[in-house]
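From just these sequences and the hints, can you work out the full model?
So you can see what is in the structure, the chains are spelled out below.
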Amino acid sequence: MDSFQVKTSKKAEVLDITAEVSRRLKPGSLCTLFIPHTTAALTINEFEPNIKEDFERFYSSLVKGRDWKHNSVDANAEAHLLSSIIKPSISIPIHNGSLALGTWQKILFIELDGPRTRTVNMQVIK
Amino acid sequence: MDSFQVKTSKKAEVLDITAEVSRRLKPGSLCTLFIPHTTAALTINEFEPNIKEDFERFYSSLVKGRDWKHNSVDANAEAHLLSSIIKPSISIPIHNGSLALGTWQKILFIELDGPRTRTVNMQVIK
Amino acid sequence: MDSFQVKTSKKAEVLDITAEVSRRLKPGSLCTLFIPHTTAALTINEFEPNIKEDFERFYSSLVKGRDWKHNSVDANAEAHLLSSIIKPSISIPIHNGSLALGTWQKILFIELDGPRTRTVNMQVIK
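Taken in sequence, the protein lines are chains A, B and C. Position 78 of the first sequence, counted from 1, bears residue number 78 in the numbering used here, the numbering being contiguous throughout. Position 37 of the second sequence, counted from 1, bears residue number 163 in the numbering used here, the numbering being contiguous throughout. Position 84 of the third sequence, counted from 1, bears residue number 336 in the numbering used here, the numbering being contiguous throughout.
These aren't lab readings, by the way, just hints derived from the structure by calculation. Given the structure is predicted, the values throughout are model-derived calculations rather than measurements. Glycine included, each C-beta is placed from N, C-alpha and C at the ideal position. Hints may contain errors.
Stated by the list, open to error - Partial list, derived from the structure: chain A residues whose beta carbon lies under 7 Å from chain C:
#, residue
1, T32
2, W68
3, K69
4, H70
5, H80
6, I85
7, K87
8, S89
9, S91
10, I94
11, G97
12, S98
13, N121
And the structure:
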């Protein structure tokens, strides 16, 4: 298993980690990315400045304005709830030595309770 | 990696692609499906006419009626947002040479910005 | 492929199945969990009593109060809709013989139409 760090700079933000993953890609057939966090998530989508802001507003809209019980313990229930539906893992086929991503697809790290230093784990299957 | 095409006929629709995946299944232990698109998604669920319509209404209800910034560039922000939570990938165990799907489980291609010709990539791990 | 059963006791509840998965883990590099059900889902997150209740309220809030067509056939449309976005599968890297889970990460079985006896399938890739 390979790992790298991501530094996030805001409470909630979406970061493009495609280059870091591609640089560390080992030969194989399937690359599984997995983050060991419960208040962040991984996905794949387009990444341009407008949609970046839409992602943040969209995720927030799904959970905001309610009196979550976990917030009496730690003020990040919204982050846990979103992480539980978007999830911390994604698997991408490898084709001819590269990630088989489409033209507009970027691997996105979704910070939901930053800023923090986060870890991304990579497991390549032969 | 194996691939096949899916033709969608509406702006938003859910299609059952189980038969196409099963027909192309090679021997192995795990089948990962991955679509190289950012305005569609993959899932697994039951597929009968009533639930098909419910899926389309449900996904739309999560994103509709808001002024997404990406729509100033390209009028499909809703499709990107939904694709980013449902995601473009799913892994299914293979057991005795077949996909280990439950009685009611079908592999579903979710078109969110059609009609288009779409690609489904399949990677089988030994 | 290995399998085990989970007994759920309520209509909707979230159960921690980490210990059952760890106990059955075989040597390898990637563990894929897959449930053969269309009215339940799998995820990974923290599991403490407050957030457990928040999960149940959050999922319900996304689908409730609408007149789903599938409910004319079988009164569990909400469970199908939630299962279709959270999905029945999750892949976790194996590192030094153990699941590479973070400090707060637990593997969670999400029952959406119980109580039932459910199956969890595990496929470990070498």
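Evaluation of the provided hints:
With 7 Å as the threshold, the beta carbon of A/T32 comes within range of chain C, its nearest partner Cβ sitting at about 5 Å, so the hint holds. With its C-beta approaching chain C no nearer than about 5 Å, A/W68 sits inside the 7 Å limit, and its interface hint holds. Annotation: A/K69 was flagged as interfacial toward chain C, and the flag holds, the nearest CB pair being 4 Å apart, inside 7 Å. Given hint, A/H70 at the interface with chain C, holds; its Cβ is 4 Å from that chain's nearest Cβ, closer than 7 Å.
Look at A/H80: its Cβ gets to within about 5 Å of chain C, closer than 7 Å, so that hint holds up. Evaluation of the A/I85 hint against chain C yields a held restraint, the C-beta minimum of about 5 Å falling below 7 Å. Taking 7 Å as the C-beta contact cut-off toward chain C, the hint placing A/K87 at the interface holds, the least distance being around 6 Å. For the restraint placing A/S89 at the interface with chain C, the shortest Cβ-Cβ distance is roughly 5 Å, inside the 7 Å limit, so the hint holds.
Using the Cβ-Cβ criterion of 7 Å, the hint placing A/S91 at the interface with chain C is satisfied: the shortest such distance is roughly 6 Å. The restraint placing A/I94 at the interface with chain C is violated, with a minimum CB-CB distance near 13 Å, outside the 7 Å limit. Proximity of A/G97 to chain C is violated relative to the hint, the smallest CB-CB distance being about 19 Å (cut-off 7 Å). Using the Cβ-Cβ criterion of 7 Å, the hint placing A/S98 at the interface with chain C is not satisfied: the shortest such distance is roughly 20 Å.
Taking 7 Å as the C-beta cut-off, the interface hint given for A/N121 holds, the closest approach to chain C being about 6 Å.
The structure shown violates the earlier hints numbered 10, 11 and 12.
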